[in-house]
Every structure is written in C-alpha cells, then in structure tokens.
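Number of protein chains: 6
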Amino acid sequence: MRAGREGVSSTLVKFGEMSTFLNYTFQSFNFRNKQGARPFYDLVANISAEEFGHVELVANAINTMLTGATPNGSRNGGGPGSPLAEVKGVGNPHHFLAGGQGALPQNSQGRPWNGDYVFASGDLVEDLTHNFFLETGARNNKLKVYEMVEHPAARALTGFLLVRGGVHQVAYARAIEKLTGADLTKMFPTPRIPTEKIPESKPHIKRGDHLRLYRFSPSDYLELAAVWNGPHPETGEDLVVVDDPPEGVPAHDLPPQPAVFAPDYAPEEIAQIAAKLREQAGLSKEATGVVASAPGNSRTKTKSSTTKSKSTARRKTPARSR
Amino acid sequence: MRAGREGVSSTLVKFGEMSTFLNYTFQSFNFRNKQGARPFYDLVANISAEEFGHVELVANAINTMLTGATPNGSRNGGGPGSPLAEVKGVGNPHHFLAGGQGALPQNSQGRPWNGDYVFASGDLVEDLTHNFFLETGARNNKLKVYEMVEHPAARALTGFLLVRGGVHQVAYARAIEKLTGADLTKMFPTPRIPTEKIPESKPHIKRGDHLRLYRFSPSDYLELAAVWNGPHPETGEDLVVVDDPPEGVPAHDLPPQPAVFAPDYAPEEIAQIAAKLREQAGLSKEATGVVASAPGNSRTKTKSSTTKSKSTARRKTPARSR
Amino acid sequence: MRAGREGVSSTLVKFGEMSTFLNYTFQSFNFRNKQGARPFYDLVANISAEEFGHVELVANAINTMLTGATPNGSRNGGGPGSPLAEVKGVGNPHHFLAGGQGALPQNSQGRPWNGDYVFASGDLVEDLTHNFFLETGARNNKLKVYEMVEHPAARALTGFLLVRGGVHQVAYARAIEKLTGADLTKMFPTPRIPTEKIPESKPHIKRGDHLRLYRFSPSDYLELAAVWNGPHPETGEDLVVVDDPPEGVPAHDLPPQPAVFAPDYAPEEIAQIAAKLREQAGLSKEATGVVASAPGNSRTKTKSSTTKSKSTARRKTPARSR
Amino acid sequence: MRAGREGVSSTLVKFGEMSTFLNYTFQSFNFRNKQGARPFYDLVANISAEEFGHVELVANAINTMLTGATPNGSRNGGGPGSPLAEVKGVGNPHHFLAGGQGALPQNSQGRPWNGDYVFASGDLVEDLTHNFFLETGARNNKLKVYEMVEHPAARALTGFLLVRGGVHQVAYARAIEKLTGADLTKMFPTPRIPTEKIPESKPHIKRGDHLRLYRFSPSDYLELAAVWNGPHPETGEDLVVVDDPPEGVPAHDLPPQPAVFAPDYAPEEIAQIAAKLREQAGLSKEATGVVASAPGNSRTKTKSSTTKSKSTARRKTPARSR
Amino acid sequence: MRAGREGVSSTLVKFGEMSTFLNYTFQSFNFRNKQGARPFYDLVANISAEEFGHVELVANAINTMLTGATPNGSRNGGGPGSPLAEVKGVGNPHHFLAGGQGALPQNSQGRPWNGDYVFASGDLVEDLTHNFFLETGARNNKLKVYEMVEHPAARALTGFLLVRGGVHQVAYARAIEKLTGADLTKMFPTPRIPTEKIPESKPHIKRGDHLRLYRFSPSDYLELAAVWNGPHPETGEDLVVVDDPPEGVPAHDLPPQPAVFAPDYAPEEIAQIAAKLREQAGLSKEATGVVASAPGNSRTKTKSSTTKSKSTARRKTPARSR
Amino acid sequence: MRAGREGVSSTLVKFGEMSTFLNYTFQSFNFRNKQGARPFYDLVANISAEEFGHVELVANAINTMLTGATPNGSRNGGGPGSPLAEVKGVGNPHHFLAGGQGALPQNSQGRPWNGDYVFASGDLVEDLTHNFFLETGARNNKLKVYEMVEHPAARALTGFLLVRGGVHQVAYARAIEKLTGADLTKMFPTPRIPTEKIPESKPHIKRGDHLRLYRFSPSDYLELAAVWNGPHPETGEDLVVVDDPPEGVPAHDLPPQPAVFAPDYAPEEIAQIAAKLREQAGLSKEATGVVASAPGNSRTKTKSSTTKSKSTARRKTPARSR
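Chains as they are written, first to last, in the numbering used here: chain P, -8 to 313; chain A, -8 to 313; chain F, -8 to 313; chain Z, -8 to 313; chain B, -8 to 313; chain Y, -8 to 313.
One or more hints might be untrue.
For identical chains, the list gives no copy identity; a pair is met inside one copy or between any two copies.
Stated by the list, open to error - Result set (DSSO-like, lysine-lysine): computed pairs, CA atoms no more than 30 Å apart in a straight line:
id, residue 1, residue 2
1, Lys267, Lys177
2, Lys188, Lys267
3, Lys177, Lys276
Hint data in this document are derived by calculation from the structure and do not stem from the laboratory.
Isolated chain P, as found in the complex (with noise of 0.2 Å):
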C-alpha cells in the first residue's frame, strides 16, 4: 500500500495540483493588462478556480487511504499502547508522526511543496509555454502513478485527473495557438498514451467531459470561448464551455483516527461539547452540516467515494474578483 500513497502524494508536489493550482493563482493575480488580453485572462483564472477543487480531490484520496490504517477500536480508558506499531516502517511516517493520517503538501519523502514551483514570468506566451510543460508533466507524472497504484480510489483519482489535466492541456495549447500560430496540439497525446484507453478515464469521456471547460463564476471568464472553441485535437468533437461548474457533492466525512488523536483521543467528547454548543446558540439538535458518509472500510465504498471524488471537483468554485 505504501507505493500507491507514494503515487498519490507526489501530486501534490512539483507535477502536481498544489503547483497547477498555486500557479495560476499568481499568474492570474499579476497579469498585467487583463482588458486587453481578457481572453487569456480568463482562461488562466477559470483554471486556476478549478485546479483547488483538485487540490482537494486528491487530498480525499489520500484521506481514504490511510483512514483504517491504525486500529479504529475505542481504548478503555487506558494509556496509549502501541497502536502505530503495525505502520512501522509503511510509508512517509509524517502521516501517522506529524500529521493525523491525513494529506500533507509534501512528497512520500517528506519534502514539501515549495514556491520556487510558481512560475510567473508575466510574459504572456512564456508563461502559457510554461503552463503547457507543466500540464504534459503533470500527466507524465499521473500516469506512472496510475501505473503504480492499485488501490481503486487512486485509480478512480488519476483517471478522472487525466481526464481534466487532458482538457488543461488543450486548453493552453490553444491559447498557444491562437496568440502564436504554433499548433502544439500536434504533440497529442504526450506521454502517448491515448487517455480513452484508461478505464476509470473512460466514463468521464463517454459523458463528455473532456470536451468541457466549465466556467466557475457566474458573471465572469465569459470569454473562455475565444479561446475554447474548434475541434478536440484527438476525437475532432466540439470542445464546450459549460456556463456553471460542475455540481457539487458534500464533503466526505472521515471517521476519527484514535491512534493518532484525530480528532481526539477521545472523539465523542468533542461531539459532546459540539450538541451543548449547537443548543446553546439555538441551532438545530443535530450536526447542520451535509456530508457524505464516512467510508467505513476504505475498501469496500470504493466505487461510490469515487463519484463523490469526482463529482466534488466540478462543484469547487473558488470565487475570484471579476
């Protein structure tokens, strides 16, 4: 198991989506003259809103991952035992010593994200040049870990992924094309591998979804078209912009993970404290809240976490400044 997290946490590194997402958020902040490029204004702004919804998609997966990895039994009042004494030795051992079986943004070896990864040059075609290596790396990177992992919720992750980064891909190809003439979508697919050979990709295909740029504001980016447009360089379908993000899904709910105190050592305390505290501000009795339900056993729910994973990411919709 300990490769597959391994595949999984290096998206969110230098390939990954904390560096697509933190990317384009700066370049989107400091472009210079957005009137009067408006059209390529939007396309790295709209990216950048749904690149955080993956930032989250994967942080999910890795959560699903490690939920269960330490015993869940509740301990009768007793002293800590030895319950991480079976993750000897099992993977980055930040996830059970730094942090409460959860995503971090660092690599399998503990090396962090970094800002040096932002690349924002100002300079309109470099940093377009410089989104689209980033892209073509990014599913390089992605697919080696779908190589790698076996577990299906990373393989439902990078499928759904590649399908995504494949529309990124395109999309700065495009803009590429349309401020310099060079078509780089002749370079398709890069690595060569066709994503509709990719099982857990194809549903996505099948509806359309690599077709779709989905704009995530509602009064905003409406000019996604003038770059968006013509046909998809591998099917020849129309490429789509979609006026709405993709529908939202709750959150997953993560059971707590005693062994490393996440929550708590004791969980139910909180949710004591949490009734008392609802009632005293006259809210309802129950948790408010919406979420999906807990994965009990990270195996067994696969296939549904998976929609959910997925349908979360179209939901995100970071709201920027128009």
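For chain P, the structure is supplied; the task is to place chains A, F, Z, B and Y on it using the hints.
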C-alpha cells in the same frame, strides 16, 4: 521603497496569508468526524475561504507597489535598452528578473513559502492551539510591517488585515474556550497595541468589521454561530455572524510593464489578437470583464485603489464542499 | 526496528529536543530587560539548560538502538567485505553511509533540523505562546512515537521525556497566566492522554518528577519560584523548585562498530596509541574517564541502560551567564 | 552598519560557532569506545563545551549592534507609528520583522543554519580531519569578517575568537599528529596572517590565552593533556591545560526595544508584574539576578562591553556526562 | 555595480547555464535507445557539451566584475586591516566572506543551484518540451539581465549567450517538429525582442553564429544534421552544422586579490614555491601554461576580454563517450 | 536491491562525484594568478576533468541497475496497465515517478545535490585542505557503499572509483606538502582499509592505475609533474604522469523501458522517425553512433559492462581553456 515591499512580501511566507490560507485548508480537508465536531469544522473551513482572498489582497498591494518601478514608455522598435538599470539593487531582484513586476510566494530574500509551514496534526485542540499561535505571530509580523512601510497602499492593506486577523485570533480563542474552558482572550491584545489605535484600521472598526465573521457559503458553515458568539473580548460588543460574504469588487487591471515583458514586449499586439479572437467567437467587441481602473501612477491614486483592495478581500468566496 | 528509529529520530527535528533546546537558548540570549522580567528570563534560560541534556538523551537512545545493527566481529586483516548488506533498506541510510551508526540532527528521511525552527520574536507573551505550542506539539509527537516504538530503550526514553515535557508545558502555561491571566492549564492534558497512564512514565511520577523544576545553576535562576508555584493542574500537588540539578551519571560507552569504521576499522590500534599518549603525558595507565558499561547487546541490558539515560538527563547543567 | 552585522551573522552559520558547537557535540555524543580513545574523546567533548559559550558571545555582539537601531523613546499611548521606517533596507529584515532586534541562527540573507553542517562519521581520523578543516574554514571566515566590520564590538569579538579558534586548530592538528604522525601544524597560519598581527587579538595573546586549553568539567576530561602538550607551533611556548574553566561574567542586560515589542510594547508593565510575582513568592523585592549594566548606547560603552563578552566566553561550562 | 552582478549571478541558477548544462548532461547519460533515436541523442549530448563552456564564460564574467572590488595593494607585513570595509552591503556578501571574489553556483541572494532543477523524465517528447521551455525561460532571464547590467563585460556576455541560446531554442523546436509535426518556431522570438536588435549580439549574428551548431566531438554526433537543417525561422538563412568546435582561447589569468587571500595573503610566496617545484621537476623555468593577459583594470580592457570570453566559449569540448 | 541503489545514489551528492567535479571546476574557473601558481592550477583543473567522467560512470551504473526493474514487454495497443506495481516501495520512487528509470542528481531520499557543497574560498592552502578532506570523505562513503552493495556493477564501480579517488587523495596531499611541508600522506589509508584488499580494485592496481595521473589536455596541464612525483605513500612505487587521457569506450546503449515511457511509450515509432530523418539528411541508413551493446539483462552481462564502465571513465576529456 525597498523595505516597504520587504515588509509586505513577508506576509506571503511563514507568518502570512499563504500560511493561514493553506493551514486552514489542509486542516479542513483532513478534518475527521466533521459531523461530530461541526461547529469547529465550519469555523476552520470558513476562515480558510476568507484567507484565500487575503492572499489576493497582498498580491494586489505588491503589484501596485511594483507598478511604475520601471519606465512605462513604449519602445520604438528598438532592442531591449536599459530599462532595468534603475532598479539595480532595489529590493528582491526576483521581482524583475524572474517575475514580471508581480507578487511571488517568497520573502524579500527570495526564500519561498513551503509546505512545512502547514501544521495539521488532526488533533483538534492541538490544531486550534497552533492556529491561535499562528494568528498572534501574524499579528506581530503585520504590526511590524505597518511600522516599516510608508506606501499608503501597504498601510491600508495592513490596517485592514489587522482588523480581520484580529477577528480570527478571537475566533480561535473562542473555539479553544468552548472546547476546554481556557480563556485565551485574556491575552489580548497581543502584541500589546490595540488595533483601534491604528489610523488605517479605524474605518473598518467603525463599520463593525472587527465583530463580524462572514459566512463564505450560501448553504454551509451554519454552525459558526455555535462558536462565534458572546462579547468581543476588548470592546464588549456582540460578535456577529453575517450570512453573506462581503461584497466583491472588480479585480485591478494592472498596466503593462514592457520593461519586463509583462504581458509582452509589445502589449498592443496581444490586445489586437484578443479583439480578433473575441470577434471570431461571436463575443462582444469590447472586453467583457469588469475591472477596476488601472492605477496609472501608483502613488497618486492610492486612496481609491486602497478602497478597492479592501472590498476585494470581502468578496472572496472560494466555495467548498458542504 | 526501522520505524522505531524513525520515531525517535523525529524527536531531533521540528517538534523535538533540538528545537526546544535552541528556541529557549536563543530566546534567553536575546532576552531584553532581563532584570525587569527576571522570573520569566530565569524560567526560559533554565529550561533551555535542561533541554540540552534531553538532546543527549535522545542521541543516546538512538545510538543504543543502532549498536549491533551491523556485525561486530573483528575483521581479520581482510578487505571491507559486506557487513552493511544486512542493513539494506533498513531505515535512514545516512546512519550507515554518512554517520557511524550514530545520531544525526535529521529525521528518518534525512531532512535536517534547521534554524527556521527557532522562534524568537522578543515579545515575551508571543514567545511564551510559541513555547506553549511547541511543548504541546512535542507532547503530541512523543505520544505517537511511544505508540510506534517497541524497543524498550525508546519506550523508556519517551516515558521519561513525556514527564519532563509535561513539566515544561505547565511552566509555560503558568508564565502566561502570571502575565496575562489566561489559564491554559485548563487545556491539559493535550493530547487527551494522561501521562500517568503510561507505564514507563509512572516511576518518574511516583518519585515526584512531574512536580519539580530543577535549578540548573548554583547561584542563578533564583526567581523560578515566582512562576513555578501553586498546585499541579492535573494532580493538585504542590509544584516544587529543586535547588540542585538532577544527579548525573556517567556517559555511555558505546562499543566500536568496525563495519562503519567507528571509531576505526581497527579500533584496537587507537586504544594502543591512546595508552601510549597517556603514559607519555604522565597520566594514569588506565583510562581516567568514568563511563557506564557498554551495552554489549542492546536488547538484554535495556533496563539498566534506561536507568542511566534517565539520570544522565538529570545532571546536564550547561552553565550559563548569571 | 549593515555589512558589519552581515559579517557577524555569518559566524552563526556554516563556518561559524553553531557549526563548531554542534559538530563536536554530536561527535562526542556518538563517540564509540570512549574509554579506548579517551584522550581524543576528552578533547572533542571539551572543545564542544567551549564552543557553546562562543555561540552566546556572537549572539551578544549581534544584540549589542542591533540595540539602538530603532528609536528607544516610550510611546505615549498611541498606535504603532513608524519606528521601523528608518531600518528600511538595512541588513537582514528578519532581525526586525521576525525577531526582536536579536540574533537568529541564520546568515544575513536569511538562510538558516542546518543539520547538514554536522559531520559525524564516527571514524576518528576522518572526524578530526573534518574538524581541522572546519577550524581553518572558520578562521578564514573570521579574518574576512574582521576585515569588513568596523563596529568595535564586532572587532573585539573576532579578535578574541581568532585566538581561541587558533587554539582549536592546533588542538585538532595535534590530535591528528598523535594518531597518524602527520604534522599539520606546518600549515599554520592558515590563512597566512599571524593572529598576533591583529590588534584586538594581542591582549589575549599577551595573557597567554593562545596556549591554554581550559578544562570545562571539574572531574572529567582529564586526558586533554595527553594530546595538548608540547610547543605552540608558531611561538614555541609550552601548551598548557588549565584545570578550571575561564571565569564567568554576568550576562548582558539588553535594554528594551519597544519598536519591535521586545520584551513588550510597554515593557514597564512586565516589570511591575514581575515585581509583584517576586513578592508573592517571598523573594527579594529587587530582581535577584546579576547582570552587566545595559549598554545604553551601543557605541559609547563598547570597550567595557567587549571586556565582558570576552570573559563571558570563558566561564561557559556546559557540564556533560563524565 | 551590485545589480550587475545580481543579474549575472542569476544565470548560474534556475534558468541559467548550470541548468542547461546539467539538464542536457543527465538527459544524455540516461538516454535510452540511443541508437534508435540517434539524431535526438546527438543533439542533446552535443548541446550539453557547449553549455559547459557557457558556465565557464559566466564564471569568467563574474570574476572579471569582482576583480578590483577590493584594494589590490600589497600588505606590508601587517595584520588584516580593513580591506573589505568598502564592499559592505554591496551585493552578495558570499563573494567576499565565503568565496575569494569568485563565482559561486548560487544567485545574488545566496541560494544555490540544486539538482531539483534537472528534469530528465526519459520520455523524449517530454524532455524536449522541457528543454524548449528552459531555453525560452533562459532567454527571458538573459534579456532582463541585459536590461539591468551596464558593465561592458556583462553586456558582452549576455549579447553572446543570447545568440547561442537562440540557436538552442531553434534546435529543440526543430527536434519537436521532426518528432511530432508541431512547429514551435512560430512562437519566435520569445520574448518578442529580436536578437538582432541587441548591439552586443550583432557581431555574432554578422559572422553567422546564429545559424551554426558546432559539433563538439571529432567522431561523434554525426546525426545533428538530421535535425538541424532547413531555414532559420526568423531570417530564412540555412542552418549549418560545423564539423569542428569553435576555436579556443587561453583562459583568463585573474590577478590576485590579497584582501580575500586569493590565492593567498602573500601571493608571491606561492609563485616562488611554484617556480622551485617546476625546476625540481625538470620543467621549464617559466610557467608553461598559456593564459590571456590579466585584466589589470576590469573596466579599461573590457573589449579585448570580451572577445576572449566569446572565443573561450567556442572551444569548450567536454568530450563524451561516442 | 534497494539499498544497492541507495548506496550508489549517495555518490551523486555531498561526498560524491558531482561534488568533486563541481568543486574542482569552480575552483579552477576562479583560480587567481594561474601562472604564478601553475602546478597547482594544473592539478585542480585536470582532476576536475577526470571527475566529470566519474559522474557519467556513476550514472551508468545506476542506469544499469535500474534497467529491467520494470517489465520490458511491448504493450499491445492497450492502456497503461500496472507495470510499476512491482516497484512499489522499492527505493527512491523518483526513479520511476519523476525520472525514466535513470540517474538523478539526488540521494536515495530524494534530496538533491546543491551548490552549497561547492567550497571555493580562493585561498589555495584552504581549498587544497578542503579537497583533501572531500576526498577522504568520499573514500569513507565509497567504502561503506561497497560494503552495502551486492550488485556486481555497483561493486565494480566502487572498486574502480576507490583506486582513482585514492590517486586524488595522494595528489592533494602532495600539493599541500609541496606548499607547506605538512605531510598528510602519513594519514593513509583513511579509512584504515588498504585499497589493495578490495577484490574489485585489484585489477586496476595491477595495471598501475593507482600511480597514474592522466593528463586530460593534449597541450595543457604540463606542470602536473611538478606536484605529482616521488613515491606512492603506501607502495613506494613511482608516481607517473601519463600524457594522454585514458582510452575511451563507446557509451552504453540502454534498452527502452516503456513502463516509464523512456524514450517513449512506443519506442519503435521514434526509431522509424529517426531513420527517415537520417535518410532525408543524406546520412547513412544505419545509425552512425557507436555504442556498447545494450545489456539485455542487467545481471548476466555485468562483467563486460563493468569493463566498459571502467574504460569509459578513462577517456573523459572535457577540454578546457589552456
């Protein structure tokens, strides 16, 4: 001017907005037993959403300060010339050599933000203790930045962030009190300068922004009120949950800086291409986006640009899974 | 055994003894207005002295765990052979390739302790808040290490350090209370496992070590008592300042590990040279130092070695300027 | 003044006192077969103890240089003002923004000391070779710092450290000679400037400090004399082991710097609380600690403060296990 | 002068010659199926050889700029003096405190080049995409450096490197086109300043250096011509493979800088020793090496030194395995 | 197999060939007064050239060890499959996820080589002292690697490098002796294992390679003989300068590893394109390069591949400026 940017850059690293944003983001992604501890989950997740907006605010202020640092005049067909000669030895050279006179996730000495700054132990009391410490560290840092900077945009930024940071300090103190009974609000203000003494903070306090927690989701985070209630520890006024996020404002449109090729050596070419693409896509002839007018001279228009920055922050609503 | 060392190594980095030692050291070096704030200066400076001893304790435990990991037999005149073949892939390879089966200031993934872990803002309330957070983070880390390790030396180490770390948690909470009125002891225990439930901590609690602050200077740090007084927050017993540092014990004498050339490929040659030098210098024929007997087999003699480790810690007295 | 601090800060990183202190510390913790190689163990462990005092000395010098860099006047009830405006662009901004005008374990460019600077191979000849190289690198660095600084405190510091560092150079050369016969003292002085040519070193040479190795334990490290004997390689005078550590002096009491809230925005409040706590604890009404008088103006009192720094170094006695 | 070196130093890090050299070096070492993909292997390996020469060129320019920064006069037997006082706060202090007024593989803020800058995925299309992006990033960086520096040696250096870097941009674009059909040369020039507009580039263009790929092996890399052919994308002239490496020139002989002990505090002593050794070895009385005459004054002899730098680059021929 | 690569990877970082290569390279670039100190310049520059070849040798060995780690079979048109599942948790995941089963300038824990490892003080005695220490550290590291690895390619590599590294140890010791009179050869062997005891070193010693310094320039570095002369410190045989570099051998041709897309998912496509390009360019129909035959199975052909590695090293001749 150098140290002014120095100060502001420091709010993009260890004790700044990148850290508050990404700490709360990962903590909320990884939160175990969300339903059982709903008021606390809602608090952390909701503040995370606000912090993303603060990252944009800081970037905006830096971009405003950098605008005009190099000559703006068009280059009449010639070679590169020496437009950067006058920023020799002025502050972080990365702003000119790596970036396009834009914000980067690094401090003034070029050291990047990194994922080691994220603390997410999963233990709720521990994470809240961290967040309380992080907010006091951020307040300490921002007060010193305030003392160092003279540029009005930087003073306006810090004045506003000190008010909102103060809200988060109180919020985490309240959460700890609700969970454990320990009343950390007795430590306020830390450092021992009341925010109300800061001229640039006063207008925000006057309109009550030091009392409000904005809810950054139309349908979620309903249990904020279970933690955020009672009197403000310094003024005694009632704490209030506002059901809507703060109103948004258009993004700044930063003028081109051809000296660093942002967005191009010849920005007008891109504008022409954009116009043509818009037309081909059947969009309006004019750029559709709404932006705040570009600050032609970063010093003279400070007042209005400040107002914008402030309100920009208030409308950030990175929607999250319910 | 790998993860055992993994756990223990983690106490030499961010939330471990190197950090507590060097944070309090720099804070006390830099302390402004020592006389005006004497009780607080004395507290920080005195705990710094104890923490240095803890660094040695941790190093000792790691060295004990590493002893015997490679074959001990003498090499009869031959070449290097393959004595390290059996530690392939076992834990941090630096312990064998860079070090001589000895402790290094780095975690199990080879990432070193670094000076960014030192927080010394100079603001007393802020620094104490940090120290309180650092001690709770260290307690969280050590409890998890305890849960992971099985080697008796590692369990003995963590059992002892949890008691002393608990004392420091209380000390910083008290200091904050004395300064601001905020009572952080209501948060105890954090994490929510009472130290008294830990078998290896019990003997130390039984002899009252959870109540004592040892004074690590014969003539200084007299004002510890102005902060360290009143009842223990968990047991209600009186807190006590002990005027002498804990009694010392001889250093461990670790056996040679010729596989890694520590202290040499042919250790006996060095011993002969040393004997000769001693003689030439008119010193005694036998080595003059007093050491604890070498643990020939790191597993069988654990009990006694533990006792030693514990007492070693108690006699560390890095004398400081008055 | 900037580069003065720049130079001095560099002695807290790679080739400075943090490195010598922690290299020898870890080497002595990990030393295998202490008894068999006693003279060498005693040498490394004893020098480690002295180096800790040097770290304090360097911190002291930096703190003295930073004192007064910001306005000292009390702030009459107002907000923060602009007290840091005048240190804009002056040296490492961390000294003001992160720290409280105090020393930090980082160089002037904000890069921290890190554990990779510790070399502890366990092979005695190899470690001694490293230590010899480290001391020559440190001498090279300090001579250049001396050439760069003009502040008398910095010159006094380097003048003293060059004498003591020279002692350590000789010590490691002697150790290698005793072990292998290779006489590295023929390389002295490296770099090729005799220490006796340095005005600030002369008084220390005059009183014989270039010949002495102080024994930092009342009962241990008795075998120093087996290595430290014979003539000084440059002067021919006899090397001497002094059985007591150098006499200590009180710690400096650095005046408050309210601009950076050190120890508080309103330092007198803390003094009042401290007085009250002392009273409640039945201690003397006056602060009990003995400190060197605060250098009101860092420039005028340089001479006496220098004397203190020097003697402070001499009494550092971080007691270690026998 | 500071920023001049700042700019040039930046060409030794992320987007500079160390990166191009070591990226192509590792890619060619690791190249799989060299025979099957010979034209591409030859291209990458051959450019790697040229880039090593560029590292030397950059080092030369920095060394020239640093020469004379400290007083050159002999020191008449005295102590160190204050020769570095005048470089206080001038640029990267490492050049004086760590180095001997010489180039270091780090940027002006002291952050070193590191191996994370090497991208070697093994996927040929991906690696070529990276290399194309790296070359455009390097061009962007160098154009900005050009705009910032005024020292003639630095302008000459960048003028020359922009021509050769342009050749590599075209080369990787051609390689991608040959492999995939995507024509990236349509993006040129990126950034949008034609190299021919740069005065210091013109002489190199005039003699056709923008069209030539030099073959850095007498017997290998014969298949460069399979990629490097056709018209230059900007000028339409024919691309040419030159079968010999550019003619070499003698290395610069940099004058001693006794202030930083380079090569010694008393350089003449070394010269005397060298002469004696030469004699003892039966070599000629005079030094046998051929060097360019030392630039006594770095400003007056710039023109000739530039010419040399240029030709030095051309004769670098790090021979590689066939 | 993991630790085998672990060991070998460590020779690409701090105490490995990247460090020796780049230390000597920068030292020789920056060498001041080359003519005055010619024998020493020639020595450093010439060894630098040899070390570059050693970097390639190490890369070769790692590549050989990685070859075959994933299934080699062609993929018949399908999707990615799970070819990396079997390397889960096996060594540095970067070799598979970031690289294409190829060497990277990082250790087995993914930490990269960095420019801080370069020491170039400019002071000749100091730099030579460093180089001597670096070579002993490298010897220590390589002996331990030898003890850990069992793969014949790795043993052959270390056996050879120990001989050549030993030559460099002697060379720097001689240089120091010639300059200062200090005879460091008395310390040999360090560590205390004679190279001649190592089976894989014996053949190289037998043919006299422990006595030879090869001159890596046809016309330069003539003064090597002024330093490299006299008897070998361990064997007493005469040291010899060989006027030609060692004879070269063809580069290895590593077989494709389609699992990681190296050089492609479908390598045969690239071969077809290459053939066509060759034809269009009027080159021979067959690939023109000469390569060593690909090791189909990395274990069976070890012997011959070793021989090649060795001789490859001997012909590296990175030509430098005279």
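Outcome of the hint check:
1. Lys267 / Lys177: between (62 Å within a copy, 19 Å between copies)
2. Lys188 / Lys267: between (53 Å within a copy, 29 Å between copies)
3. Lys177 / Lys276: between (59 Å within a copy, 27 Å between copies)
The structure is consistent with each of the numbered hints, conforming to all of them.
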